[in-house]
Amino acid sequence: MIDLQYYTEYFWELPILIKVVWLISGVLFVVILALIAYLKFLRSHLRENEKTLKKYQKEYEENLINYLYAGDNENEISEAQRVLINKMKICVADKFKRKILISVMSKLINDISGEMAHSIQKFYFETGLVNYALYKLKGRKWDVIASGIKELTQFEVKEAHNEIIKYVKHPNLEVRNEAQLYLVSLFQFKGLVFLDKLKTSLSEWAQIQLLEILQKFDNQEIPNIRPWLQSKNNSVVQFSLKLVKIYNQFDVRDILLELLSHENKEIRVDTIQVLNYFQDTECKHFLKTKFNTSSEEEQIEFFRLLEITADTDDEVFILENVAHTNFKIKLAALKILKAINLEIFNEVKLETTDLQVVEIVKFIEAN
Amino acid sequence: MSSKKKIVLAEDNSTLSLLLKFRLEKEGYEILIAEDGKKAIELIEAHSPHLILSDIMMPYISGLEVISHVRNKLKMQIPIIVFSAAGQEEMVLKAFNLGANDFMGKPFSPNELVIRVKRLLSF
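Residue numbers (the working numbering), protein chains in the order written: chain A, 1 to 367; chain B, 1 to 123.
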């Protein structure tokens with residue numbers, strides 16, 4: 001008692017700053033204790049959740065496997081399968097359980113194909129899970145809509161086409177991407193119809209994803225690319241140029257030549273790359289005439305094209321660019337010159353005073 | 001003592017493991033499941049299986065390391081089938097170089113897997 005009084009008096013006699021420090025320390029000590037208690041509670045709660053999740057996961061895995069092996073050849077859905085479907089129908093009403101079941105089914109449908117994959121899709125419809133995914137499409141949050149579309153893509157719900165096509169123009173990039181992936185994954189090349197009216201930009205990543213999906217299909221009969229090559233949306237034109245190259249659509253050559261005058265530099269560069277791939281020689285004259293007004297990227301691409309297609313007719317043009325300021329062009333010009341006319345190449349070698357040219361010539365001759 | 005042929009299945013997708021276990025047990029094989037490469041090696045060393053089914057990408061020890069361990073350290077010549085996802089073509093080539101006998105790209109049909117297992121175990 002005396003001690004407590006002594007400490008109280010001692011405390012009140014302390015300078016104000018020390019008192020404040022003591023008070024803050026006290027408050028912090030209490031806060032830390034409360035936080036420790038909260039973290040302990042949170043940890044046990046999460047562990048409990050994890051246990052429940054594992055329990056349901058195991059149960060649903062077994063139910064799903066039993067369902068897959070319970071089919072008979074007589075009925076589309078056997079009696080045993082119907083029992084399991086009814087059992088799971090009750091479970092899917094609960095959001096937590098539904099999420100677990102979806103994750104179990106997703107894991108499996110990604111890794112198996114054939115009859116069993118079809119059975120899983122049937123299970124997805126019969127348990128009513130499809131309705132929850134369709135309901136997600138009406139959500140307010142973009143991530144809910146995107147996850148709904150992703151799920152419908154994964155379980156190949158073609159019936160949602162009319163609903164999902166609306167999201168191709170959604171203001172959110174993720175939603176748009178998922179909608180585009182849905183269309184292409186389920187409707188293959190026909191799904192690319194969204195490109196007709198696409199006004200938003202198709203990112204490089206989205207283009208790669210679409211091309212990857214398209215290449216998985218056996219049916220490689222591609223639709224008319226011409227309208228997309230003439231699209232006002234530059235990203236659609238760039239994507240179409242990739243399609244032209246991958247699927248060897250050389251019959252659109254006339255449009256490719258028009259694209260060499262496109263207002264967008266990247267498109268012009270991509271077009272030269274495609275023409276290079278086709279080893280087109282007729283574009284050379286046009287590219288030569290506009291060479292001096294072209295960007296450096298276009299000039300480099302043109303020289304790459306010349307490395308494959310150059311002949312003696314190009315000699316004068318090549319010679320003009322042996323002294324180009326750009327190193328890549330200079331190197332390409334000398335390489336081409338050596339390939340098409342060794343005599344002139346040797347003349348350049350002897351007459352040049354440009355040290356860089358001397359070094360390049362040495363390099364070319366050594367390789 | 002069981003006369004069933006033993007198969008070690010190394011796969012981190014528990015649902016797929018269970019599905020394949022059911023299917024292969026129906027065909028009369030004894031299946032030992034490993035959820036990662038480390039467990040797979042333990043099972044192989046303890047049970048000397050007749051065949052190994054292994055995913056390439058697994059936690060702790062990859063499918064490639066499992067093949068290397070079986071062929072180089074344990075000197076076992078049992079058939080090995082590897083599973084690979086799309087885009088793992090280089091890994092598949094490495095698996096063949098290390099001594100894998102066959103591969104199946106995901107997604108695959110369990111029925112096709114059974115045919116391949118039967119074929120490899122019939123030699």
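Certain hints may be false.
[Stated by the list, open to error] What follows is a list of derived Cβ distance ranges for each label pair:
1) B:Gly99 x A:Asp72: 39 to 45 Å
2) A:Lys58 x B:Tyr60: 19 to 25 Å
3) B:Ser109 x A:Asn86: 24 to 30 Å
4) B:Ser48 x A:Phe363: 56 to 62 Å
5) B:Asp102 x A:Asn172: 33 to 39 Å
6) A:Asn172 x B:Ala86: 25 to 31 Å
7) A:Phe327 x B:Glu42: 54 to 60 Å
8) B:Leu93 x A:Ser103: 29 to 35 Å
9) B:Leu93 x A:Asn66: 35 to 41 Å
[As the list claims (entries may be wrong)] Rough simulated footprint, nothing fancy, chain A against chain B, three-plus residues with beta-carbon under 8 Å:
10) 8 to 19
11) 103 to 114
Derived from the structure by calculation, the hints contain no laboratory data. Everything numeric in this text was worked out from a predicted model, so none of it was measured. Built from N, CA and C at the ideal position, the CB exists for glycine as well.
Going through the hints against the structure:
1. B:Gly99 x A:Asp72: 39 to 45 Å: holds, 41 Å
2. A:Lys58 x B:Tyr60: 19 to 25 Å: With Cβ atoms ~22 Å apart, the hint holds.
3. B:Ser109 x A:Asn86: 24 to 30 Å: holds, 28 Å
4. B:Ser48 x A:Phe363: 56 to 62 Å: holds, 59 Å
5. B:Asp102 x A:Asn172: 33 to 39 Å: violated, 44 Å
6. A:Asn172 x B:Ala86: 25 to 31 Å: holds, 27 Å
7. A:Phe327 x B:Glu42: 54 to 60 Å: holds, 58 Å
8. B:Leu93 x A:Ser103: 29 to 35 Å: Taking Cβ atoms as reference, leucine 93 of chain B and serine 103 of chain A lie about 32 Å apart, which means the hint holds.
9. B:Leu93 x A:Asn66: 35 to 41 Å: holds, 38 Å
10. 8 to 19: The restraint on the region 8 to 19 of chain B holds, since 6 of its residues have a Cβ under 8 Å from chain A and three suffice.
11. 103 to 114: It holds, with 7 qualifying residues against the three required.
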